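For reference, the chains in residue letters:
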Amino acid sequence: MSKLATEVAIAPDGAAKSETTVPVRTAAAERAEPRRATGAVARNDVLALVGAAIAAISTTVVVFGRLAPFDSTLGFAVFTYVVFLAIYMLLVSLEQPGPIVRDRLAMVFVHSLAFVALVALAVVVIYTLWRGVRALSHLNFFVQDMSNAGPLQPLTVGGVLHAMIGTLEQIAIALAITVPLGIVCAVFLAEIPGPFSRFVRTIVEAMTALPSIVAGLFIYASAILVLGLDKSGLAAALAISVMMLPIIIRAADVVIRLVPGTLREASYALGSSQWRTVWHVVLPTARSGLTTAVILGTARGIGETSPVLLTAGFTAQINADPTHDPQISLPLLVFDLVRRPDPVMWDRGFGAASVLLALVLLLFVTARVLGGRSAGQLSRGQRRRRRIGSYRDAVRIANRHATAKPADPVEVLDD
Amino acid sequence: MNANLGLADRLFRGGARAGGAAVLLIMLLVGAFLTFQALEALRVSGWSFVTTQAWDPEAHHFGIAGVLTGTVLIALVAISVSVPLAIGAALYISEYARGGFQRTLVSLVDLMAAIPSVVYGIWGLFLLQPHWLVSGTQGDGLPRWLATYFGWIPFLHVDGYDVNDPLASPTVFTASTLIAGIIVSMMVTPIICSITREVFSQAPVGEREGAYALGATRWGMIRMVVLPFARGGMIGATMLGLGRALGETIAVYLIISPVFVIQPHILQTGASSVSALIAQQVGFATDFGLSALMAAGLALFLLTLVVNFGASMIINRTRSGSVSEA
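Top to bottom, those sequences are chains A and B.
Here this note's numbering is used: the first residue of the first sequence is 1, the next is one more, and so on.
Here this note's numbering is used: the first residue of the second sequence is 1, the next is one more, and so on.
Hint data in this document are derived by calculation from the structure and do not stem from the laboratory.
Since no wrong hints were added, every one of them can be taken at face value.
So, partial list: chain B residues that the calculated Cβ filter (under 10 Å) puts toward chain A:
no., residue
1, 90
2, 92
3, 110
4, 190
5, 250
6, 275
7, 282
8, 283
9, 308
Pair by pair, the computed Cβ-Cβ distance ranges are:
no., chain 1, residue 1, chain 2, residue 2, range
10, A, 82, B, 257, 31 to 37 Å
11, A, 148, B, 288, 37 to 43 Å
12, B, 35, A, 383, 50 to 56 Å
Computed from a predicted model, the values in this text were never measured in an experiment.
Idealized CB from N, CA, C, for every residue including glycine.
Chain A on its own, in the form it takes in the complex (with noise of 0.2 Å):
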């Protein structure tokens, strides 16, 4: 290519012509100038890291193993992280600027926090469910209740049958008072904005404050001491919706006003009432959202054991009534077994508490593959069943008329 040292450029019209002079390249002038490194590592960096972590590790076990009488596992992780800082400095400051040891310096601190927020999470879920391993790998565990289960039996007897019935139906009880509830507050909240909407979202705002221990004593002194209501599992979903209402209102508030004016506006143009505009645009781009925000309410109300607590009263046995005698819930159970003395009873516990860790997670991912989409986005079907839709809209319009028929179909689908 160097050796073509002429090109022939040839105007649109092909009338004018022009020569374009492209310098000689020699191998020389190649060598020259050697391709620069783009990329965000530099090797001196890496070599640096590595280097400033063996060194660190070395010199702590040497002073932890022969100079000092220090022995303690975290003293030792401290140590080194110290270690390892300073000699990473020195080792960035022999070629860098002052600046750039700081910038590394900020890196690897932050790095490091970020670390420690992940393995605590990593410890807590794999513990619990390390624990738990022993009393789920009984398939007992999971069709039995704990009437037979004294501290002396194995875990081959008994389960936590009575607690997930419990905990499903407590929250089922739940969801059905704060879903349909919390989202025409949320509406209101934010479709019909005035001086009382302001009120009323500041007192749920004030409400997300109210501890859950005290949601729990308000419905233990109101509608147990007062209405007369039993301890059952009745009482527990109203202290759980007490405890949920605000939450889901808020995350509903904050969604349907994410739904972009522009919709609203359209709508209104058509000359759609207000009630169709929320019902057929406000409520549909945001529904994805407020999935999302009713399944996270759940994961917290599926999870609180303080309002529980004083409201649902403990049993060993399934009671599948909610309304009469104590049905008890899965975080309950787990407080309740880690506190009694007995081993066997702690490994039930953890085998609860992993049963509860998969059920938030699961409600977890659901929420992640429902929701994650913004406003106005769509799914594949939702797309799909748009396009039949607006084809038979075409469809009808055209009948209206006569004249013609539409548009191919198969068009229109493969849009």
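Given the structure of chain A, go ahead and fit chain B onto it with the hints provided.
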């Protein structure tokens, strides 16, 4: 727009208003009922309710000075552990992580917030306390080390602990404010982290690029653009976390052995919190005792209310807060 409302619209507006009013009614009912029930006890105790360090409602000798101080101490320990952790993690997620990994981390933080508090509680009870912080017959770990070398600082002092006593029992270090605070910090971290991350990611791109164009390193850019922009959001998030830490019950109740006097030594056994007091006492409370517990619950609610409103005021008044939904 309100001129020609059809019947459906009027029904809709009426229904929505009714929903809002119903929620308002429930919320006000909770507040009014608590206040009304608490009045009986408050009338008996008067102002001594906030100064008495005891809980004996039958003898009309009760107050929240001890438990409220304990609640605040646990929350402060939790905040001082979780704020650096949460802000570091938030900085990492918004400034260093990229692409799919960033989204995964955001989900993980949300997951951490959704884990039930009883799970954090049993983690603290079975792993953190006996194996990491107070292990072995001597109670080796961070609390003992702190008490040995920093015991001269008043709030790190431990009564009845003697470094030279080989038969010293580790139980003086268990069930302390510090351990309860560390467990609560695990629950507070994701809340602070997700709000601060949100605020960090809203720092204007133009200002970030301006800083880079002037030759700033990444840390220089963060220090000059992101952190000043997010200052209000960080303070607000911390206060929201504080509000959550104040109300936490189960994990604290599992760890501590409640005392009713002011316990300023955070390493020493015997901590207290209002919510643990309620959980412990409701079972055998008489009518008057229940009223006293309501008063304690109301005091806790007022405290979290002030903290939360303070937080939202700070968030709304700052530059980052006006665009974020915290």
